[in-house]
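Q: Residue numbers (the working numbering), protein chains in the order written: chain B, 923 to 1396; chain W, 923 to 1396.
Hints listed in this document are in silico derivations from the structure and should not be mistaken for laboratory results.
Just so you know, nobody snuck in bad clues.
In silico BS3-like cross-links for lysine-lysine, where the CA-CA straight-line distance does not exceed 27 Å: (1) W:K1361 x B:K1114; (2) W:K1329 x W:K1272; (3) B:K1109 x B:K1002; (4) W:K1361 x B:K1109; (5) B:K1208 x B:K1341; (6) W:K1341 x W:K1208; (7) B:K1361 x W:K1114; (8) W:K1148 x B:K1341; (9) B:K1148 x W:K1148; (10) W:K1002 x W:K1114; (11) W:K1114 x B:K1341; (12) B:K1361 x B:K969; (13) B:K1329 x B:K1272; (14) B:K1148 x W:K1341; (15) W:K1148 x W:K1114; (16) B:K1361 x W:K1109; (17) B:K1114 x W:K1341; (18) B:K1267 x B:K1329; (19) B:K1272 x B:K969; (20) W:K1267 x W:K1208.
Being a predicted model, the structure only gives us computed values, none of them experimental.
2 protein chains.
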Amino acid sequence: MSTAENAILEMGKPATDNGLATALAQLKTLFGERMSQSESVLTSHGKGEAWHAPQLPDAVCYPESTEEVAAIVRICAQWKVPVIPFGVGTSLEGQTQAPFGGISIDLSAMNQVLEVNPADMDCRVQAGVTRKQLNEWIRDTGLFFPIDPGADATIGGMTATRASGTNAVRYGTMRENVMSLTFVNAKGDIVKTGTRARKSSAGYDLTRLMVGSEGTLGVITEIGLKLHGLPEAITAAVVNFPDLNSAVQTVIDTIQTGIPMARIELVDADYMDAINHYSNMNYAVKNTLFLEFHGTTDYVAEQVRQFQEIAGEYGAGDFEWATQQEDRNRLWQARHDSYWAILAKYPGKKGFATDVCVPISELANIINDIRAVVDDSPLTSEILGHVGDGNFHMIFCMAPGDEETLKEVYRINEILVQKALDLGGTCTGEHGVGTGKLKYLRREHGDGAVDMMQTIKRALDPDNILNPGKTVTA
Amino acid sequence: MSTAENAILEMGKPATDNGLATALAQLKTLFGERMSQSESVLTSHGKGEAWHAPQLPDAVCYPESTEEVAAIVRICAQWKVPVIPFGVGTSLEGQTQAPFGGISIDLSAMNQVLEVNPADMDCRVQAGVTRKQLNEWIRDTGLFFPIDPGADATIGGMTATRASGTNAVRYGTMRENVMSLTFVNAKGDIVKTGTRARKSSAGYDLTRLMVGSEGTLGVITEIGLKLHGLPEAITAAVVNFPDLNSAVQTVIDTIQTGIPMARIELVDADYMDAINHYSNMNYAVKNTLFLEFHGTTDYVAEQVRQFQEIAGEYGAGDFEWATQQEDRNRLWQARHDSYWAILAKYPGKKGFATDVCVPISELANIINDIRAVVDDSPLTSEILGHVGDGNFHMIFCMAPGDEETLKEVYRINEILVQKALDLGGTCTGEHGVGTGKLKYLRREHGDGAVDMMQTIKRALDPDNILNPGKTVTA
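Same shape as in the complex, but just chain B (with noise of 0.2 Å):
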C-alpha cells in the first residue's frame, strides 16, 4: 500500500470519543426519536444485501429534509465523526458499512416525488423515493422511469452506485439517466448541480462525478431524472438454447444488428432450475435468455421477426411469449426473484454476488473460461446477467463461518476479475466499488486515474468524513 494510501485510511479513523460522545449528544438534540442507537436499528444499517459482515455505526439519525442531512453533516465535520448514507440497504459490496463507526444517514423519510413535468419528460425525487414508488406515482403520465436494479432501490441509492439492471440495454444506465442533484458536500452546505436541460456543456460534470461516487463525495439528497415514455407494445419472452455458447452468440449477433432490445437476459440451466422451483414456473432447464421488446405494435412485430431470424440459427427452441402486462409481470418477478430463488435453493447459506462487464464480443470467451474454473473447483455457481450490455454476475452461496470456502471464492472472483480487466473489461459493472471491489481499482485504472480520484476525495474531503473506507482507499 503506498503512503497516499495509508494516509487516506488514517483520515479514516475514528473520532477521538470526546468529540463523538459531543456530536451523539448535539444529533440528539436535535432529532430525538429520530435518532437510534439500538443494537438491531445499528446492525441492519450496518450491512447491504452482500456477504460482508456488518459494521455498525454508531447511531442511526433520519432526517426529513436536505438541510436536515446538512445539519447533520456539519456536526459530524466540526467533530471529524464519519456519515454514511443508507438508502433501503440493497447494495451488495459493503457501501453502507461502517467500518469506522460513525452516524448512518437513513434518508427513508425522504420520500417525496416533488416535481413531475411530463411535457418535458423528467421529475425531480428526494434521495429515498424507491424505483417502484416512483414508477406508481407517474402511473397516469404515460412515462416511466426504466433503470431497474431488479431490488426496489432507492433512487438516491442508485444514483450512489451508478446503478442499472435489466434495461440498461436500452435506456442506458443511471449515468445517462440523472439529469441533475442536491447534496450535502463534507463541509455540511448544501451543493446544486446540472439543470433541467438535456444537455449542457456548461462547466465540470460535477452530476456524473457524483453518480457511483457511493456517498464519498457527499450526500445525495435530491435528483433530477429523465423519464421516458411508455411504448405502445411491450413484448416480452422467454426462449432457451442448446447451449451457453449458442445463447450468448445469439446476444452478440442481435446487439450487432442493432435491434433495439429493451432487455436481455441470460440465465443459464442452473439458475433457471432454481427459478423453476422457488417462482413455481416451468422452463425448460437450460440456458435461457428472457427478452423485452418496446416499440410502436408494427415495430415491436418487426424486432420479434429479426430476433427469431438470429436466434434460429443458433438453435433456439420455443419462444414462450408475455403480452400482457400481468404475463410480463409474472416473467420479470421470476427473472427478479433469481438471487432469492439462489438463496432457496441452498438453505441456511448466503449468497456471495460478484459482477463483471466486457466488450460484448468477449462475453462468451470469458463466460466459458469462468464456467471452466469453477467446474474444475468444489463449488457450484450460477451465472445471469444483463448480457446485451456485456455485463452479468455469478452467484456462490455458503454457510456462514465458511472460510475454506469463502478464500475458494475469493480466489475465483479474483480469476473473474482479472478476466474481465485482460479483456478490456472493468472489474464491476454495476455492483460497485463499496469495500469488496475496493483492491481491484488500481488494477483497473492504473495509478494516474487512482491517484487523481484520492486527489479528488482529499480536496473535496478532506477530513475523510463522507463513507470513509469507500470505493477510493486502495
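With chain B's structure known, arrange chain W on it following the hints.
A: Just chain W now, with coordinates in the frame of chain B:
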C-alpha cells in the same frame, strides 16, 4: 469577484520572463522544426472561429505522441508556463486563446485511428483525428460516428468541449459517446480512464469529468469512442411552417410521441434566405425544419407517417424528401454551411454565435421572447438549432471594431442566457464556457457547485498551467 476567483486569476499570470525563456529553449531543443513562434502561426492558434479577439501564445508545438505531450507539460510545469490544447480551432467561446501566453499544443499531427473493433462497435483515436476523417476510415465497417457539430472538428476538441450537434437528439453528445481517455495531467503524467466495457461502477467517473473540461484539467491525447451501426434506411426531409410557433410545437409533439428522430433542426426564415443564396438552394423562405429518420425500411416509413401527421396538424407545407446519399449530403451541407451563409449575407462582418439549451416545453416561449427583444433592437439575428434537445443558436453579425453594436449584442446575449436559466436551462448547450460564458457560470450553478469546480481545478492543477482563464475562473 471573490477572493477565490482573484486567487485563481493570480495563478494564471504569465511565468517570469526567465522561466518562459528557459521553457522555450528546452522545448526548441526537443521539437526543433516542430515548434513555431512565427507571427502567423501564433495568430492562427490564438483564436477559434468565434468573435473573440485573438490572444497569442508564445509558441506552438506539434507533438506526435502522448509521450511528447507529456514532455511539453513537464517542461511547462517546471517553469509554470501555461499550456493550451489546440485541435483545428473551430471552438466558439475562446477556448483556444492564450490570455496569459504560454504554449499552444497543436495536436493535428496526432491523427491516427489506433483501433477499430467492429464487433463491439467501438474505436480508439488520437486527439487530432477529425470526425470526418474517422467516418471515412470506418466507412467499410457498417458503422459510423454520429456526433456532428457542423465543423470538421477534432475528436479531442469535441471531447474537451462536450460537443454535440445535429445527431445528439438520437445518439447523445460526447458525454454519452466517449468511453475512455488518455490525457496528460498538470504534472506531465499520463493518465488513463475508462475501459471498453459499455458500463461500469468502478470508482469516480473521471472520463465524464474530463469531457467538457476544455483542457483545464489535462491535455487529452487519445479517446475511446462508441460507434453506431449505419441504419438500413435513412430518409431526410425539409419542411416549412406558417410560423415559428408551429414549427416548434411540431418538434415538441414529435419528441413527446417518442419518434426517435435522428435529426430535427429548426432554421428560421431569415436564415433560410441566407442558405438559399449561399448554397444555391430554392427552399421557401419560411421557418423550416430539417429532418432525418433512421431505422429499418419499414420503421423509417412508420416514423415518417407519424411525423407527417403531427406536422400536418400545425399547417406544415410540402415536404422535400432526400433519400439518396447524394441528396441528403447536399441538404445537410446546406444546413451546416449556415454559419458561412450568414457571414456571406453580411460581407465584411464577423459572427457572434451564442447558444443556450432549455427544457423542450419552454422552447417556443424563449424563442418568441428573444425574437421580440431582437426586433425591438437595431440588430438583426438569425436563429437555428438542435431543437429536439431544446438547444438553439443565435448569430449576430457586426463589423470588427463596432463597439456600439457589440454592446447591444452583449445586452441581448445577457437577456437570452438569463431567460434560459430562469426556465431551468443552461447558458450553453454545446459551445462550452471558454472565456465567453465564464461570467454566467456562477449564476447557472450557484456558489456551491462553482466552488466545487474550483476546488477540483486547484487540487489537480495547483499552478494553474492548464488552459488558464477558461471554464472555472469566474
